[in-house]
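Protein chains: 2
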Amino acid sequence: MENKYQENRNHPKRRRTLSVEQYVEGVLNGDRATIARAITLVESNSPKYFHKSQEVLRLLMPYTGNSIRLGITGVPGAGKSTLIESLGTKLCDRGHHVAVLAVDPSSSVSKGSILGDKTRMEKLSKNQQAFVRPSPSGGTLGGVSRKSRETMLICEAAGYDVIIVETVGVGQSEITVRSMVDFFLVLMLTGAGDELQGMKKGVMEIADALFINKADGPNKQTAENAKAEYNRLLHFLQPATQGWETKAYTISALTGNGIDDMWNIINKYKEKTLKSGVFQKRRQNQLSEWMDSLIEEQLKRDFYENPYIKEILTDTKKKVTEGTLPPAQAAEKLLSEYNKNK
Amino acid sequence: MENKYQENRNHPKRRRTLSVEQYVEGVLNGDRATIARAITLVESNSPKYFHKSQEVLRLLMPYTGNSIRLGITGVPGAGKSTLIESLGTKLCDRGHHVAVLAVDPSSSVSKGSILGDKTRMEKLSKNQQAFVRPSPSGGTLGGVSRKSRETMLICEAAGYDVIIVETVGVGQSEITVRSMVDFFLVLMLTGAGDELQGMKKGVMEIADALFINKADGPNKQTAENAKAEYNRLLHFLQPATQGWETKAYTISALTGNGIDDMWNIINKYKEKTLKSGVFQKRRQNQLSEWMDSLIEEQLKRDFYENPYIKEILTDTKKKVTEGTLPPAQAAEKLLSEYNKNK
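For the protein sequence lines, the chains are W and V, in the order given. The opening position of the first sequence corresponds to residue 19 in this note's numbering, with each subsequent residue numbered one higher. The opening position of the second sequence corresponds to residue 19 in this note's numbering, with each subsequent residue numbered one higher.
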């Protein structure tokens, strides 16, 4: 009977709408259901929820920031999930509250290439001190990145003091994650032969540490050799963080070997950069740059999605690439048409 | 008497204004005085010359592109001028016409840190088959870059078939030069001890070749060692150009040793990338990206220079970096005010 009754309703599971105050109170109390709903609110693509979600965030802002924000990248198969499960569980045991988020622009297309399968972090997901959230769907990296940043703030306000942001190396996603975390680490694998091949362009230069995973069993020596090789290379690159030397380490997410060291390195990093002020400065810059990038993305979107511009852009671009129209003249013409037709 | 007469005039050297047709004809005839005036026209910051300069460019466009465009970067003291003088003179002797331009965003501040002193390339400057133009003054890298790109087109239309664009490693200038040339080379020095220190972030990854200069006399062996070290590193990086392996070489701009090899490498590169289509594709993309960047710069300029935005931006940004206003809310507020007040 109840079933039949529900079927007659448009939204069988419709829940009471929460007010801004209820969202804020629930998050600050660490209520998991409200946290999840607050995240769903900021993840919404619907403009009608934008102002509400921003108001919730504004009221939560004073309670954010009391965490260490870790970014983790690595190729598929590098062992990110095993590492996060292992590190996260250890930290929960020590009294920390750990939130795990993902930035994965591909997940909206391929349906959850990371964190989609919750069973990958089964143990951590069930831990009452942990909160595991898959990558938001919804298009562009810019969109995914805004949602992840805001989710991070909600988790901080809810009392999570370790935020782990995972990403796979798709497009610009590492750069995006680097721009929202304090400490960025790259998880790597050794392989037969050429250890360093396949390193994505520029990734070493934004990392605060490289960890070579699966340094266990017969693979241990290979991993140690790779570590030495990476350290040689890193020595010649400018470090990602002023006053901090990026180094390579070995780790075994499987046996747990090196996980304590990893956490010690992160703490040493935090202590050092807090003392020098680099930590605080980076966070301020990240907020400021985040605002700038939102503005600039919107300015571009307004332009390129203008119906009149859409109509003439292809033809204009064709003339430019064919070399019959100088780019500055083309740009000037498009901008003047835009200003007339918006 | 003549002197006195001139002093009484406001513009003692005022020249007859050229028409668009006169500019175009003069440039196509390779008339040096007209080329110089056409460049001055595109370098002008005055809006009243913009349309005229763009019309000149539009008419010249069909005659552009018949050249190899080389970008050269290197720290001050690496020997860029000596190399360009040596390579340029050699190429003129072989019948080429060589134009040397500079992209140096610092020159407007520090008054010509590169190419400002013409005596640095005295021999080449006097060569009738060469055209040496210092970096345009005028503010932003964006502005300097537009002027240099357009100057390059004028030189090509005038028959110069080798365009050398020089830059010092200031800010984003290498990336800018990379985006306007076919082949990008980095000139380096060996030093005592740590050969690879001081390499600017990301430069190796946009280079088509590294040349270690001053491989002469007692320095020869050190240079050879550095070359081996760089090649080791380059092996692990993705190449800047698809289908072309970036390698390190030694050279002596002073003795001329290795200059012929350099030219052979450049020709081999051109041949290979023309055959694969990478050469043509990159040029098309460069034109298209140039137009996009001009549009996006202007959209940002319109926004940030809007008087109302200027008035409220500082305060808004302060709230964002202090963590009391969420970035997305700040961006939304600024954009909505902008749309109301433009």
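Hints listed in this document are in silico derivations from the structure and should not be mistaken for laboratory results. There's no promise every hint is true.
Because identical chains share one entry, a pair is satisfied inside a single copy or across any pair of copies.
Taking lysine-lysine and the BS3-like style, the derived pairs with C-alpha atoms no more than 25 Å apart in a straight line are [stated by the list, open to error]:
hint : residue 1 : residue 2
1    : K318      : K108
2    : K265      : K358
3    : K144      : K299
4    : K288      : K238
5    : K66       : K358
6    : K358      : K293
7    : K288      : K328
8    : K265      : K108
9    : K144      : K288
10   : K141      : K358
11   : K328      : K360
12   : K293      : K238
13   : K286      : K70
Structure versus earlier hints - violations, ascending order: 1, 2, 3, 4, 6, 7, 9, 10, 12 and 13
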